[in-house]
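When you read off a place in the sequence shown, starting at 1, and then add 1432, the result is the number in my numbering.
To be clear, the hints were calculated from the coordinates, so they are not data collected in a lab.
Mixed in with the good hints there might be a few duds.
[Claimed, not checked] List time: in silico EDC-like cross-link candidates among lysine to aspartate or glutamate, alpha-carbon distance up to 16 Å:
| # | residue 1 | residue 2 |
| --- | --- | --- |
| 1 | Lys1712 | Asp1742 |
| 2 | Lys1563 | Asp1597 |
| 3 | Lys1447 | Asp1461 |
| 4 | Lys1477 | Asp1509 |
| 5 | Lys1483 | Glu1464 |
| 6 | Lys1735 | Glu1766 |
| 7 | Lys1724 | Glu1758 |
| 8 | Lys1712 | Glu1766 |
| 9 | Lys1848 | Glu1883 |
| 10 | Lys1848 | Glu1830 |
| 11 | Lys1852 | Glu1879 |
| 12 | Lys1650 | Asp1619 |
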Amino acid sequence: MEFNLNNDDDLSIEKFELMLKTNEVGFFDSDEFEEIIEHYLENGKMALARKAIHLAMNQHPSSVNLKLFHAEMLIFDDKFELAHELLDELHELQPHNSEIFIQKANIFSKTEQHEKAINLLNDALQLTDDKADVYNLIGMEFLFIEDYSSAKLNFMQCLELDETDYSALYNIIYCFDFLQENQQAIDFLNMFLNKNPYCEVAWHQVGKQYFDLKMYEKSLAAFEFAIISDDHFVGAYLEKGKVLEKLGRYNEAIENYQITLELDDPTSFAYLRLGKCFNKLGNSELAIKYFKKTINEDPLLDKGWISIVDYYSKQLNYPKALSYIEKAIEVDGENALYWTRYAHLNKRLNFFEEAEYGYRKAIELGNYEQETWLSRADILLALGETEAVVSNLNHGLEFYPQQVEMEYRIAGAYYKLNQKVKARFHLQNALKTDPEYIIILEELFPELMKEKEVKDLIAQYS
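Construct the entire structure; sequences and hints are all you get.
Pasting the structure below:
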């Protein structure tokens, strides 16, 4: 509920807050208390709401509506048994009060008994005049149990009763997306637009569906209709820019991204896309300018840092790229992407110990890509850490069993460690999988190519 300045509700709130400051107890009728409590609940001022409820219950102990607020606060504070007892008392007094069923459902929802919550909300649906809100609550309960089809149907009922409820519209599309029903989503949105042709949110959602289907011309048209419906709709300009990028129309994409900077506070996403577009157009100066604006706007956006690092890497300016990835790591040392870039750049610059450390950190942070294991193995080999090569590759083989490039490397490492049984086992695995990759052994372990056992195995599997 919105509270306008200088109305009676504001006077009640001012009077209540003045009373708290002076420690004097004033009288409020039950309607005033309802407005005061609702105001504090809607604005998240729970401490003040509790004080108002406490005083309200002292002055109006028999008011059902105030008791319902009390129950709501008990639920918020996870005092479910007390809330249950209070709601049971109220149900005896007013068995057809839908709000009692809604609050009981709230308890079951918060205790993860969603089926019971749905049953109670269906009971409330038969008693309430505000069916849209109840359909919305039922939809949310179905989302909690991942029944997206049922959730979608309830959000649709909500939207049918209140066509301005865009949160319900977003939830419907979320369900379609989860069910991978892009075409059904488009059909639904088109039906909605037949009745609401100037709904910018619906046009925006249609555009996103077409974008996901790679139908870029239709996506573009939908975003243009969203802008016609609301020429200050920043999201539509951003999405239109993305489509224009896909179509290779970079200058037009730039125009749309720049409009968003004029309409609203700048976003790191808009800066990043501008940098990408200027980079595609070969305007290096503006590209790097916007990439730097990206990280200034949002230092935690890894795509901004990565874009700068890749920009300097493509120019073969590896020291400059390395300096930026080191800054990125200072901001967020838990980002595996940063450590992978850090390792690659140090490898390029022949800083092998730093490169090995980078790959190790990337693995610790969850980068289990084949290339990470292989690159680290090669670096360890160059550092003469043969036992570490074996440990690293055994770990990698847990994720990629019998991966041929790992098999050849670990075979060579075991031969170097004179563990010939293990070496033979892995070399046989590698040769069975793909004998042509023997080139790995030739390049990394040339001395082994003279060993009789190795020559015999190669001959056997060739």
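Each hint, compared with the structure:
Proximity of lysine 1712 to aspartate 1742 is assessed by CA-CA distance (about 13 Å); at most 16 Å being required, the pair is judged to hold. Annotation: proposed proximity of lysine 1563 to aspartate 1597 holds, straight-line Cα distance about 13 Å (limit 16 Å). At roughly 12 Å between alpha-carbon atoms, lysine 1447 and aspartate 1461 fall within 16 Å of each other, so this suggested pair holds. Between lysine 1477 and aspartate 1509 the alpha-carbon distance is near 13 Å, which keeps this suggested pair within the 16 Å criterion.
Proximity of lysine 1483 to glutamate 1464 is assessed by CA-CA distance (about 14 Å); at most 16 Å being required, the pair is judged to hold. The suggested pairing of lysine 1735 with glutamate 1766 holds, with an alpha-carbon distance near 15 Å, which does not exceed 16 Å. Taking the CA atoms of lysine 1724 and glutamate 1758, the gap is near 15 Å; set against the 16 Å cutoff, the hint holds. Simply put, lysine 1712 and glutamate 1766 have alpha-carbon atoms about 30 Å apart, too far for the 16 Å limit, and the pair is violated.
Of the pairs offered as hints, the one joining lysine 1848 and glutamate 1883 holds, with about 12 Å between alpha carbons and a cut-off of 16 Å not exceeded. Between the alpha carbons of lysine 1848 and glutamate 1830 the distance comes to roughly 22 Å, so the proposed pair goes past 16 Å and is violated. Annotation: proposed proximity of lysine 1852 to glutamate 1879 holds, straight-line Cα distance about 15 Å (limit 16 Å). For the proposed pair lysine 1650 and aspartate 1619, the alpha carbon gap of about 14 Å is at most 16 Å, so the pair holds.
The structure fails hints 8 and 10 (numbered hints given earlier, in ascending order).
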